[in-house]
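The listed protein sequences derive, respectively, from chains A and B.
Numbering of the first sequence is given in our numbering, commencing with residue 1 and proceeding in unit increments.
Numbering of the second sequence is given in our numbering, commencing with residue 1 and proceeding in unit increments.
Mixed in with the good hints there might be a few duds.
[Stated by the list, open to error] In the PhoX-like style, the derived pairs of lysine-lysine whose C-alpha atoms are separated by at most 25 Å in a straight line are: (1) A/K104 - A/K68; (2) A/K104 - A/K42; (3) A/K114 - A/K49; (4) A/K58 - A/K104; (5) A/K42 - B/K11; (6) B/K78 - A/K104; (7) A/K58 - A/K69; (8) A/K49 - A/K69; (9) A/K42 - B/K78.
[Unchecked claim] Computed far set for chain B versus chain A, every beta-carbon distance over 10 Å: (10) E14; (11) Y18; (12) E20; (13) G28; (14) S73; (15) V74; (16) T76; (17) K78; (18) Q80; (19) A88; (20) T116; (21) V117.
Hints were generated in silico from the structure; no laboratory data involved.
Please read these numbers as outputs of a predicted model, since none were measured by experiment.
Every residue, glycine too, gets a C-beta built ideally from N, C-alpha and C.
This is what each chain is made of:
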Amino acid sequence: AQSVTQLDSHVSVSEGTPVLLRCNYSSSYSPSLFWYVQHPNKGLQLLLKYTSAATLVKGINGFEAEFKKSETSFHLTKPSAHMSDAAEYFCVVSDRVLTGGGNKLTFGTGTQLKVEL
Amino acid sequence: GAGVSQTPSNKVTEKGKYVELRCDPISGHTALYWYRQSLGQGPEFLIYFQGTGAADDSGLPNDRFFAVRPEGSVSTLKIQRTERGDSAVYLCASTPGGSRTQYTDTQYFGPGTRLTVL
Chain A
1 AQSVTQLDSH VSVSEGTPVL LRCNYSSSYS PSLFWYVQHP NKGLQLLLKY TSAATLVKGI
61 NGFEAEFKKS ETSFHLTKPS AHMSDAAEYF CVVSDRVLTG GGNKLTFGTG TQLKVEL
Chain B
1 GAGVSQTPSN KVTEKGKYVE LRCDPISGHT ALYWYRQSLG QGPEFLIYFQ GTGAADDSGL
61 PNDRFFAVRP EGSVSTLKIQ RTERGDSAVY LCASTPGGSR TQYTDTQYFG PGTRLTVL
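Excised from the complex, chain A in its bound form (with noise of 0.2 Å):
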């Protein structure tokens, strides 16, 4: 079975200064990896994804995430906060293939970064 954990709830940094959200999974296959953003009130949004290919993703907005399968780390990172980066991020892990074709994506609880001036 595959599962996420966001080790933490709430995240709090000063704009300029470099973001860290941690992201661990636990998955029986080669798992793909997603991270989203929710911004209030606005539907989710992919910032990156791993598939197998590179491990060090990049993805929108300066984010990036490196896919770490020894320690299974999906971390995402961002080497300067912006006000505009306050939101709820969510790591997402998917291995399984539904019946039919398709993708079950498990999400993580969510890490709200708050981001201060």
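For chain A, the structure is supplied; the task is to place chain B on it using the hints.
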């Protein structure tokens, strides 16, 4: 282009009532998913459609929940005899579908319908 749309954005109902939530996927996307996000939690999978058929409904919590997609585009999630525990944000997502590598496909989410059962 237009993204996934969901209506209504908010729905307040009374315990025991019937509700319908609508999802309009991205044009041309054959795969459609429903998820439920309870307060303080990540979304949880409910059901997956490939075309008109419900290919996998293993996430539906009980038989009060049902979903249809009669023409392979718009989908409706139906909840009978609503309970207070059904209060959540219901999310819909779509992907192009039809490929052999759907497990890597990006799912595009709508803004959700916030359901409140009083």
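We went through each hint and held it up to the structure:
Only pairs whose Cα atoms come within 25 Å are accepted, and A/K104 paired with A/K68 is accepted, the gap being roughly 22 Å. With a CA separation close to 22 Å, the supplied pair A/K104 and A/K42 stays within the 25 Å bound. At roughly 23 Å between alpha-carbon atoms, A/K114 and A/K49 fall within 25 Å of each other, so this suggested pair holds. Restraint check for A/K58 and A/K104: satisfied, since their Cα atoms lie roughly 23 Å apart, inside the 25 Å limit.
For the hint linking A/K42 to B/K11, the alpha-carbon distance of about 17 Å falls within 25 Å, and the restraint holds. Only pairs whose Cα atoms come within 25 Å are accepted, and B/K78 paired with A/K104 is accepted, the gap being roughly 21 Å. Using a Cα cut-off of 25 Å, the hinted pair A/K58 and A/K69 holds, with the two alpha carbons roughly 17 Å apart. Under the criterion of a C-alpha separation no larger than 25 Å, the hint pairing A/K49 with A/K69 is consistent with the structure, at around 15 Å.
As the CA atoms of A/K42 and B/K78 are separated by approximately 23 Å, the hinted pair is consistent with the 25 Å bound. Its beta-carbon lying about 24 Å from the closest one in chain A, B/E14 satisfies the requirement of being farther than 10 Å from that chain. The beta carbon of B/Y18 is kept farther than 10 Å from every beta carbon of chain A, the shortest such distance being approximately 26 Å. At roughly 20 Å, the least C-beta separation between B/E20 and chain A is larger than 10 Å, which holds for a residue marked as non-interface.
At the 10 Å boundary, the C-beta of B/G28 stays outside the reach of chain A, the nearest C-beta of that chain being 16 Å off. Consistency note on B/S73: stated as away from chain A, and its beta-carbon is indeed over 10 Å from all of that chain's, at 17 Å minimum. At roughly 17 Å, the least C-beta separation between B/V74 and chain A is larger than 10 Å, which holds for a residue marked as non-interface. The beta carbon of B/T76 is kept farther than 10 Å from every beta carbon of chain A, the shortest such distance being approximately 19 Å.
In this structure B/K78 is separated from chain A by more than 10 Å, as the shortest Cβ-Cβ distance comes to about 20 Å. The Cβ of B/Q80 sits about 24 Å from the closest Cβ of chain A, beyond the 10 Å cut-off, so the non-interface label holds. For B/A88, the shortest C-beta to C-beta distance to chain A comes to about 13 Å, beyond the 10 Å cut-off, and the non-interface label holds. Taking the minimum C-beta to C-beta distance to chain A, about 15 Å, the non-interface status of B/T116 holds against the 10 Å cut.
With a cut of 10 Å on Cβ distances, B/V117 stays outside the contact zone with chain A, its closest approach being about 20 Å.
In this structure, every one of the numbered hints holds.
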